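Visitor: Take a look at the letters that make up each chain.
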Amino acid sequence: MSKIHVTTTVNGDEMEFLCDPRETLLDVLRDRLNLTGAKEGCGTGDCGACSVTMNGRLVCSCLVLGAEAEGAEIATVEGIAQGDRLHPLQRKFIEHAALQCGICTPGILVAAKALLEKHPDPTEEQVRFWLAGNLCRCTGYDKIIRAVMDAAAEMREAA
Amino acid sequence: MALDDRKSQFLYVGTTPDRPDGLDKVTGRAKFGADAYAPGMLHGAILRSPHAHARIKRIDTSRAEALKDVKAIVTRADFADVPFAPGLEGEFWNVLENVMAGDTALYDGHAIAAVAATSALAARDALKLIDVRYEELPHVTDVDEAMKEGAPVIREGAADYSVPEGMHPNVVRYHESGHGDVEAGFAEADLVIEDHFVTEATHQGYIEPHACLATLGGDGKGELWCCTQGHWIVQKTCAALLGIETSQLRVTASEIGGGFGGKTTVFIEPVALALSRKANRPVKIVMSRNEVFRATGPTASASMDVKIGMKKDGTITAAEGVFRLQGGAFPGAPGDMTAMCAFAPYNLTNVRQVGYDVMTNRPKQAAYRAPGSPMAAFATESVIDELCKQLGLDPIEVRLKNASHEGTKASYGPRFERIGLVETLEAAKAHPHYSAPLKPGQGRGISCGFWFNHGGETSVSLSLSEDGTVQLAVGTPDIGGSRASMALMAAEVLGVPYENIRVTIADTATLGYNDVSHGSRVTYASGLATIKAAEDAVQRLCARAAAKWGIPEDAVKWENGCAVPSGPNAGEFDPLPLAEITATMGQTGGPISGHYEATPEGAGVSFATHIVDAEVDRETGKTKVVRYTVVQDAGKAIHPTYVEGQFQGGAAQGIGWALNEEYIYNDSGRLENPLFLDYRIPVASDLPMIDTVIVEVPNPGHPYGVRGVGETSICPPLAAIANAVSAAAEVRMRRLPMSPPRVLSALKSDG
Ligand code: FES
Ligand code: FES
Chain A
134 MSKIHVTTTV NGDEMEFLCD PRETLLDVLR DRLNLTGAKE GCGTGDCGAC SVTMNGRLVC
194 SCLVLGAEAE GAEIATVEGI AQGDRLHPLQ RKFIEHAALQ CGICTPGILV AAKALLEKHP
254 DPTEEQVRFW LAGNLCRCTG YDKIIRAVMD AAAEMREAA
Chain B
30 MALDDRKSQF LYVGTTPDRP DGLDKVTGRA KFGADAYAPG MLHGAILRSP HAHARIKRID
90 TSRAEALKDV KAIVTRADFA DVPFAPGLEG EFWNVLENVM AGDTALYDGH AIAAVAATSA
150 LAARDALKLI DVRYEELPHV TDVDEAMKEG APVIREGAAD YSVPEGMHPN VVRYHESGHG
210 DVEAGFAEAD LVIEDHFVTE ATHQGYIEPH ACLATLGGDG KGELWCCTQG HWIVQKTCAA
270 LLGIETSQLR VTASEIGGGF GGKTTVFIEP VALALSRKAN RPVKIVMSRN EVFRATGPTA
330 SASMDVKIGM KKDGTITAAE GVFRLQGGAF PGAPGDMTAM CAFAPYNLTN VRQVGYDVMT
390 NRPKQAAYRA PGSPMAAFAT ESVIDELCKQ LGLDPIEVRL KNASHEGTKA SYGPRFERIG
450 LVETLEAAKA HPHYSAPLKP GQGRGISCGF WFNHGGETSV SLSLSEDGTV QLAVGTPDIG
510 GSRASMALMA AEVLGVPYEN IRVTIADTAT LGYNDVSHGS RVTYASGLAT IKAAEDAVQR
570 LCARAAAKWG IPEDAVKWEN GCAVPSGPNA GEFDPLPLAE ITATMGQTGG PISGHYEATP
630 EGAGVSFATH IVDAEVDRET GKTKVVRYTV VQDAGKAIHP TYVEGQFQGG AAQGIGWALN
690 EEYIYNDSGR LENPLFLDYR IPVASDLPMI DTVIVEVPNP GHPYGVRGVG ETSICPPLAA
750 IANAVSAAAE VRMRRLPMSP PRVLSALKSD G
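Chains as they are written, first to last, in our numbering: chain A, 134 to 292; chain B, 30 to 780.
Among the hints, erroneous ones may be present.
Below, computed lysine to any residue pairings styled on SDA-like, alpha-carbon distance capped at 20 Å [as the list claims (entries may be wrong)]: (1) B:651 to B:764; (2) A:136 to B:96; (3) B:36 to B:725; (4) B:341 to B:378; (5) B:340 to B:224; (6) B:651 to A:262; (7) B:653 to B:717; (8) B:60 to A:211; (9) B:653 to A:262; (10) A:251 to B:714; (11) B:651 to A:265; (12) B:430 to B:218; (13) B:157 to A:154; (14) B:340 to B:429; (15) B:653 to A:265.
I should point out that these hints are in silico values taken from the structure, not numbers from a laboratory.
Values in this document were obtained by computation on a predicted structure and should not be read as measured data.
So here's chain A without its partners, still in its complex pose:
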């Protein structure tokens, strides 16, 4: 089957790749662009481990085709820190022990960042419902919710 040529922007860098029409954006990020931060937990849009943003919108990259990335702006977990400066969410996740195994962490960070950009002052309930598409099997979510709330508070203070 012939491959499709795609030009896209990932975390601000312009990138090009060839992909099979059936390959997902997640496959492309991981297998063709060496960005393995996004994880495949299910491949069916149910776990959120593959969360990225596409033109600012939070998506499951396992449900987007690689070819759809043409001309798009993609942001992944690898782009959250600015140089050696961690994003408040990243710092708070470490501080609050909001990860055990850490496989869900990239997706949850991407999703939480998208939340705080929309709702800088979320209630606990809002955080819980926003993150309801991101499965974590290790933590029971308690420390994740606290880390997000704390990061939100810090970011509001800094703003």
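With the hints as your guide, set chain B with the ligands onto chain A.
Guide: Okay, now just chain B with the ligands, sitting in the frame of chain A:
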């Protein structure tokens, strides 16, 4: 002051520094199982049986082989190239049979053949071109059905010596234990309740599917990268299955995205190695979620009868239980563990328990956090709850009255050493949660839980660098922050800052054998070994100081990270810090290291008490957990935040098991819900915050008093939630999960 000489004052232990792998894990750079790539790598894919039970008449791979992207295909019958070792016996044979079917497909999802191709898509396309002719056989997936006369036999001759004569061949192991005279005990009781309980199989549900990257050459030398709870067992098993020498296969454990017991065996690893040997190229296999559900270990399902007698004052006079555990198409369901855990929290004069391990046409069960204990507690603690209710007694007071303590003869045999059950019950009673008022429609449940914990083979190596920093190599994959705990314990002994210690999970070539990270053993056993290895290094450090000062070695002791004279008679010398000794170690006798290898036996059992409030919607049958408190004995919490994390994680998994999660098989024996959409694990909006109380009753078997904490946390939730739902719905819940349709029908039928 403690009566024994166990250390009770700590500088580093009990603090909560950031974990060493934190940065890697929040930036996406940590490498998990599927994150490895190799030059020339092929992608593997596995063809799986669509039938619950079928004879494999013929496998024709010729059409797939003709594809130019396909580089290797393996099946069990493919003996021309001997992909797997023939002549295996015992558990190795079971594992081989599970990772690649022999002449019969034993469950929906059983591996039949595997392909390696130049891309993942090409491999999947090739699978469609493999023709398999099956002859379907009668199947059975339910434990009670599988024990009945006339049930389809999964495999003749699978039963061991323990099974009494006359049982169905699907019953493969039998356990019986207890003491006293239960009949006499029941006769003394004012009230006896006997009831039947059922739990469905659930999956560990780790978010990371199994993944590996394998390289094996015709010279018998191999490299394997995989996500596993224990890479030495992977090494040993794969070597046996492939007929190569153990030491020639080097296995490296990736970061692991959850395991909970499910990553303590192999599935795809031997297949990837066999494909690699045949193609002579590296082969990567990553399971899909569908494969994880259909072909990797769910927990056992259970059918249980429990009978308990109680006096009016709450004294339990006798307890008896029968536990039938279904473990899929191979022996291994924890009928014994379930039976042994069932009454362990209680000090009983008369107790008897029986456990059955039963085979069915389902995937081979794997360990899931305290295997057997959560189901056992569901049955036992439900009956105790009902007794308390009918006798008008407080459930915590009754448990306190009957609680096991130091010296109690356990229901499963031995006498308990120092244990902390009473302390968890007292802490639960004193917790504001227990006395908080309930709203209408809400119910409160409590339950105790027990787990043995485990030691296991362990080796640890620690080496000092010239600049005084420390490299610590352990062999137990870090599944929840254990590198931080190890560094804290090493810091404590050496007297150097936590940050100066780098902990690595060593590969199989660089450290002695280590059992898997299971049985809540890591902080206990690897921790104990870390302490001993650090003490070994301290001894060598003291020897260098003694040589420098020209005094005997036993005249030097270690204090706050320095060698100091042990007393006034030893002479007057300034403290010699660790970094000063290591700075010149090249000239004073060479590198300084510390080692420890052992199989520590003092793991120390652990107990927990959980309190939960649940609210039942009488219209929809939906249950919401509104408040949850975990009280558990950790012995000594090395890193309290990560201990809390284990408590909360276990409780959340228990909530899923109690309310929603289940394997659903249809009439043709196929799994109906092999995806997260239909197998519903708790999401953030399902749960409340989970409150925790860490009780510390030191374990006499560990230098700092550590007890494992990973598993006990999942023992009480099923029962605690069932008791809360039963109270809220005013009807006894006897079957898990308590999904909305089940609760609704219970409300209608009054149980
Ligand atoms: S992998 Fe995309 S949602 Fe699970
Ligand atoms: S930390 Fe393991 S899945 Fe979330």
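Visitor: Now tell me if each hint is right for this structure.
Guide: For each hint, the structure was consulted:
1. B:651 to B:764: Given that 20 Å is the threshold and the Cα spacing comes to 15 Å, the pair holds.
2. A:136 to B:96: Given pair residue 136 of chain A, residue 96 of chain B holds - Cα atoms ~18 Å apart, limit 20 Å.
3. B:36 to B:725: Given that 20 Å is the threshold and the Cα spacing comes to 14 Å, the pair holds.
4. B:341 to B:378: Satisfied, since the Cα-Cα distance of roughly 17 Å is no more than 20 Å.
5. B:340 to B:224: holds (18 Å)
6. B:651 to A:262: Holds. Residue 651 of chain B to residue 262 of chain A sits at ~17 Å (cutoff 20 Å).
7. B:653 to B:717: holds (9 Å)
8. B:60 to A:211: Judged against 20 Å, a Cα distance of about 13 Å means the pair holds.
9. B:653 to A:262: holds (15 Å)
10. A:251 to B:714: holds (19 Å)
11. B:651 to A:265: At roughly 17 Å apart (the allowed maximum being 20 Å), residue 265 of chain A and residue 651 of chain B satisfy the hint.
12. B:430 to B:218: holds (15 Å)
13. B:157 to A:154: Between residue 157 of chain B and residue 154 of chain A the Cα gap is close to 19 Å, so the pair holds against 20 Å.
14. B:340 to B:429: This hinted pair holds, its Cα atoms lying about 15 Å apart.
15. B:653 to A:265: At roughly 15 Å apart (the allowed maximum being 20 Å), residue 265 of chain A and residue 653 of chain B satisfy the hint.
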